[in-house]
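Novice: Sequence:
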Amino acid sequence: MAESNKDQDITLRIAQEPEADELLARSPLAALVGMLLDQQVPMEWAFSGPYTLAGRMGGDDLDAHEIAAYDPEAFAELFTAKPALHRYPGSMAKRVQQLCQYLVAEYGGDASAVWSDVSSGAELRKRLNALPGFGTQKAQIFLALLGKQFGVRPAGWRQAAGPYGEAGSRRSVADITGPESLAEVRAFKQQAKQAARTTKRTTAT
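Numbering (my numbering), first residue to last: 866 to 1070.
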């Protein structure tokens, strides 16, 4: 079974907003939704989204059952209202709802159940990879985030997280602990994109 620091206070610095980070630290569903939103927008925008969404839904946390049963058009409006929760608010609203419907069907709506009883990092990666909207890379990054900042460390978790699980790395949101590391992770991502573009040009010629 995965180790966890459930009884310890978790302090995050991902969204770079105290209230949004506090929600991420105490709400497994908020953390999953933030990870789902983390594509094609700045990381802090993505991970502040759950806090904004909770407020627009009239609460201080997200509820998978409520989101799963929400009228799709009305839920999309929560995303598109200014300021929008994502660059692609309509499609991301649909993905968040699909994620919550899956959590209700498979885990009784309890996001933490995805990792609370796993026996290995490989099993955890398989469970995360099965979540709607979670490809291999997103699953590995979230696995690394769970291990590095939430204390969820089943056997072999670093290996299952791939390069994102490396100690001291600055590859992803899993490594963000403040403004300085955010800048380092952003620089790494920009370098990776540039390298990919260079490789693509070289291959094309």
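Since the hints were made in silico from the structure, they are not lab data.
One should not assume that every hint holds.
[Stated by the list, open to error] Straight-line Cα separation of at most 35 angstroms, DSBU-like style, residue types lysine-lysine; simulated pairs:
{"#": "1", "residue 1": "Lys1003", "residue 2": "Lys959"}
{"#": "2", "residue 1": "Lys1058", "residue 2": "Lys947"}
{"#": "3", "residue 1": "Lys947", "residue 2": "Lys1003"}
{"#": "4", "residue 1": "Lys1065", "residue 2": "Lys1054"}
{"#": "5", "residue 1": "Lys991", "residue 2": "Lys1065"}
{"#": "6", "residue 1": "Lys959", "residue 2": "Lys1058"}
{"#": "7", "residue 1": "Lys991", "residue 2": "Lys959"}
{"#": "8", "residue 1": "Lys1058", "residue 2": "Lys991"}
{"#": "9", "residue 1": "Lys991", "residue 2": "Lys1054"}
{"#": "10", "residue 1": "Lys947", "residue 2": "Lys959"}
{"#": "11", "residue 1": "Lys1003", "residue 2": "Lys1065"}
{"#": "12", "residue 1": "Lys959", "residue 2": "Lys1054"}
{"#": "13", "residue 1": "Lys1058", "residue 2": "Lys1003"}
{"#": "14", "residue 1": "Lys1054", "residue 2": "Lys947"}
{"#": "15", "residue 1": "Lys959", "residue 2": "Lys1065"}
{"#": "16", "residue 1": "Lys1003", "residue 2": "Lys991"}
{"#": "17", "residue 1": "Lys1054", "residue 2": "Lys1003"}
[Said to hold, decoys possible] Between beta-carbon pairs, the in silico distance windows are:
{"#": "18", "residue 1": "Ala1032", "residue 2": "Thr1001", "range": "19 to 25 angstroms"}
{"#": "19", "residue 1": "Tyr972", "residue 2": "Thr1068", "range": "24 to 30 angstroms"}
{"#": "20", "residue 1": "Ser984", "residue 2": "Arg891", "range": "37 to 43 angstroms"}
Virtual Cβ for every residue (Gly too), placed ideally from N, Cα, C.
Novice: Evaluate each hint against the coordinates.
Specialist: Status of each hint after checking the structure:
A C-alpha spacing of about 18 angstroms is found between Lys1003 and Lys959, which places the hinted pair at or below 35 angstroms, so the restraint holds. Only pairs whose Cα atoms come within 35 angstroms are accepted, and Lys1058 paired with Lys947 is accepted, the gap being roughly 30 angstroms. At most 35 angstroms may separate the alpha-carbon atoms for a hinted pair to count; Lys947 and Lys1003 meet this at roughly 27 angstroms. This hinted pair checks out: Lys1065 and Lys1054 have alpha carbons roughly 16 angstroms apart, not beyond 35 angstroms.
Between Lys991 and Lys1065, the direct Cα distance comes to roughly 30 angstroms. Compliance with the 35 angstroms bound is thereby established for this hinted pair. For the hint linking Lys959 to Lys1058, the alpha-carbon distance of about 27 angstroms falls within 35 angstroms, and the restraint holds. Proposed proximity of Lys991 and Lys959 is supported: the alpha carbons are some 23 angstroms apart, at most 35 angstroms. Our distance criterion of 35 angstroms between C-alpha atoms is met by Lys1058 and Lys991, whose separation comes to about 27 angstroms.
Of the pairs offered as hints, the one joining Lys991 and Lys1054 holds, with about 25 angstroms between alpha carbons and a cut-off of 35 angstroms not exceeded. For the hint linking Lys947 to Lys959, the alpha-carbon distance of about 18 angstroms falls within 35 angstroms, and the restraint holds. For the proposed pair Lys1003 and Lys1065, the alpha carbon gap of about 23 angstroms is at most 35 angstroms, so the pair holds. For the proposed pair Lys959 and Lys1054, the alpha carbon gap of about 27 angstroms is at most 35 angstroms, so the pair holds.
Under the criterion of a C-alpha separation no larger than 35 angstroms, the hint pairing Lys1058 with Lys1003 is consistent with the structure, at around 16 angstroms. About 28 angstroms separates the Cα atoms of Lys1054 and Lys947, which keeps this hinted pair within 35 angstroms; it holds. Restraint check: the Cα-Cα separation between Lys959 and Lys1065 comes to about 32 angstroms, which is no more than 35 angstroms; the hinted pair holds. Between Lys1003 and Lys991 the alpha-carbon distance is near 12 angstroms, which keeps this suggested pair within the 35 angstroms criterion.
Our distance criterion of 35 angstroms between C-alpha atoms is met by Lys1054 and Lys1003, whose separation comes to about 14 angstroms. The beta-carbon spacing between Ala1032 and Thr1001, approximately 21 angstroms, falls within the hinted interval of 19 to 25 angstroms. Taken as a hint, the range 24 to 30 angstroms is violated for the pair Tyr972 and Thr1068, whose Cβ atoms sit roughly 42 angstroms apart. In this structure, Ser984 and Arg891 break the distance hint of 37 to 43 angstroms, their C-beta atoms being roughly 25 angstroms apart.
Hints 19, 20, counting from the list given before, are not met by this structure.
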